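J.: First to last, the protein sequences are chains Z and D. Under the numbering used here, the final residue of the first sequence carries the number 408; numbering is consecutive throughout. Under the numbering used here, the final residue of the second sequence carries the number 1408; numbering is consecutive throughout.
If you are wondering where the hints come from, they were derived from the structure by calculation, not from laboratory data. Model, not experiment: these values are computed from the prediction. We treat Cβ as the ideally placed atom computed from N, Cα and C, and that holds for glycine. One thing to keep in mind: the hints can contain errors.
Stated by the list, open to error - Below 30 Å or equal to it, Euclidean Cα-Cα: the simulated DSSO-like pairs (lysine-lysine) are:
1) Z:101 - D:1101
2) Z:91 - D:1110
3) D:1101 - Z:120
4) Z:388 - Z:359
To be verified - Non-contacting residues of chain D with respect to chain Z, defined by C-beta distances greater than 10 Å in every case (computed):
5) 1064
6) 1066
7) 1141
8) 1374
2 protein chains.
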Amino acid sequence: MALIVQKYGGTSVANLDRIKEVAKRVIKTREEGYDVVVVVSAMAGETDRLLNLAREAAPEPDERELDVILATGEQISSALLAIVLNSMGYKAKSYLGHQIKITTDSFHGKARITSVDAEKIFSDLHEGRIVVVAGFQGEDERGDITTLGRGGSDTTAVAIAAVLGADLCEIYTDVDGVYTTDPNICEQARKLDRISYDEMLEMASLGTKVLQIRSVEFAKKYGVTIHVRSSFNETKGTIVCEEDTEMEKALVSGVTYDKNQARIEITKVPDRPGVAARFFDAISAANIVVDMIIQTASLEEGYANMAFTISKTDFPRALGIARSLARELGAKDVIAEEDVAKVSMVGVGMRSHSGVASKMFRALAKEGINIKMISTSEIKISCIIDTKYTELAVRSLHEAFELGKERK
Amino acid sequence: MALIVQKYGGTSVANLDRIKEVAKRVIKTREEGYDVVVVVSAMAGETDRLLNLAREAAPEPDERELDVILATGEQISSALLAIVLNSMGYKAKSYLGHQIKITTDSFHGKARITSVDAEKIFSDLHEGRIVVVAGFQGEDERGDITTLGRGGSDTTAVAIAAVLGADLCEIYTDVDGVYTTDPNICEQARKLDRISYDEMLEMASLGTKVLQIRSVEFAKKYGVTIHVRSSFNETKGTIVCEEDTEMEKALVSGVTYDKNQARIEITKVPDRPGVAARFFDAISAANIVVDMIIQTASLEEGYANMAFTISKTDFPRALGIARSLARELGAKDVIAEEDVAKVSMVGVGMRSHSGVASKMFRALAKEGINIKMISTSEIKISCIIDTKYTELAVRSLHEAFELGKERK
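Assemble the whole structure, with the sequences as input and the hints as a guide.
T.: Listed below in structure tokens is the structure:
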């Protein structure tokens, strides 16, 4: 019998009425002849409520204990769904992370799944049950509860789909699928029928918050086909799968943006070997993730400029480190820009098509948008611009690359 | 190092301020040189909130799944206490039932603890940690979450005290200890310094809701000394321990009452062998617990009267069964009384003192209170009376047995 893993996000199980709708959809899939494993998130708002409760207890709650509290959100929603399914006449059983040995490392709050034991699930499916799994949680080698970070239930679903060898992993959310860009700022945004894992990874990490990045990595590694779709309608969503030749024909697949960016530049650093290393060692020791890095050396004068971007949340700390190191190294100045955004073009077509970058720069120049930094990868080009131009940039690029038109 | 197990009830951890008070008390005990294991209930009202949520999902929620939901109450309060203790500079770790292998049978909602694994607790205590355990929950042989019923955290605490060989098990609640009777209806009610396990068992099962009965059974079986006391003050409470000669000197220890009673009488049942068995088989098959049973046979006429008491909640179902069986057996009538209460005298002194029963009946007669049924055990005499006389009866008996006076 074919097997489908379905994951329902927080808004899809926001209240009992919504949970009953989810139950109907699960039953419909069951009636179509599939074995079904359901992964659920906490009811919308619950994780924040629990987080606030823990922070009221202590501003920086012990991480091990915080995970114990956060895990209850999914514990409740999974059991509620099982209760509803049973009451509708379908045998169902809920499982917590530890009960099906969703084993993770010990990084509380952002743990990574290392293995899942499929035995109990298979035996329940064999006995005709619907299996409901609490997403977002696991257990480390010590038997402590861990959580997987925001969007972690996506990864739970994909990991389970991988272990069970499921035919499909459906991710139900409150949007219809993956769009060429954010429909809230660009009316022409178009839903993509298919997108490759690599494109999705770039889209997700660049701020399109449809899937947790790690779930896409998992899906890519184990070849799990994902169908991202809405639990509020019957519309087909977006399939995330292996790259195919169709995808390559398109120049780019989407435009993304991220306003949670800040830029720091240290000017006229005496250009000695090891200067950059010394600086980024200090930054990474402070657990700050640096995104773009650009170093320009003026060989004549023996000076270099170093610029990098970080997330806005890390900005104050990064600035402190930059200033103290600039003094130490005898640099001229530290320029801090908190009002910058990153706009990116993503597409596997870039591998075989040239001219994407120049077309992008021309489109931005045409609108008078100054590019402060550029970084590129195999399937992505990103530019740092003033935050105020973000929406204009996204619309212009979407238009310039004709993303609103159906792919042939 | 001496070891104390402390259990804090729902009102003692009702909110974060209360949890911080609990933390201070735990730390005080730690600073006095004790190893401390803390067992906590859910925050007051939480279990009811969760129960209502499950019942909204389905009027009769699947029992396995209901326990998954109910267990989150203690999961949250135990982790919150650990967070607060850690923030106050004391290393603390919370454990859920399954993490320290609190193994139970599979009767969801009223499971019985069969074993506890002390290994993790000992190793944490050895490393200087305070251990916090989520009360009320366990795990059955299949790995399913179970709960122990109302007051189940008391039993968790006593079971852990038994396994660890603790020197004392303190049960912190919102009353000062065990009283000779309910202070709300009798001003002369006096707090008992000490009470035997057997007396406590009779007191608890008769409606003095200070300790879960099963916790007292456990304490008796494993010789755990319990100290019932208030978390809202420093007053000494009541010690529950082995019977001693002091206790035997007192005629009775307390008066209890239970208004959750109903009485059914089947009159003129043709008196054939097996009639009673047939009737009580039907009642117990319906999972109804019968308390008192009185059968009076009139040998001349070949008829018997059968009377029994059940809890008010079981009354409608029991009445239905009684009526249909009465018809079948050709009995004359079924008399149903829903407005009855049980008043009881409890005391190990009864074993050696005579005249307690007659003194009790005289005291009730003096107030013109009619006794509808009587039952006795080694250390208890109970009478069924009209509910409206309950308070009067309790006060009269308390007075007649001079329970307000200090035991010498």
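J.: Hint by hint, note whether the structure agrees.
T.: Tested hints:
1. Pair hint residue 101 of chain Z plus residue 1101 of chain D holds up; C-alpha atoms about 16 Å apart against a cutoff of 30 Å.
2. The suggested pairing of residue 91 of chain Z with residue 1110 of chain D holds, with an alpha-carbon distance near 23 Å, which does not exceed 30 Å.
3. Using a Cα cut-off of 30 Å, the hinted pair residue 1101 of chain D and residue 120 of chain Z holds, with the two alpha carbons roughly 19 Å apart.
4. Annotation: proposed proximity of residue 388 of chain Z to residue 359 of chain Z holds, straight-line Cα distance about 21 Å (limit 30 Å).
5. A beta-carbon of chain Z is positioned within 10 Å of the beta-carbon of residue 1064 of chain D; the least distance is around 7 Å.
6. The beta carbon of residue 1066 of chain D sits about 7 Å from the closest Cβ of chain Z, which is not more than 10 Å, so the claim that it is off the interface is violated.
7. The beta carbon of residue 1141 of chain D sits about 13 Å from the closest Cβ of chain Z, which is more than 10 Å, so the claim that it is off the interface holds.
8. Chain Z leaves residue 1374 of chain D outside its interface by the beta-carbon criterion, the shortest separation being 45 Å against a cut-off of 10 Å.
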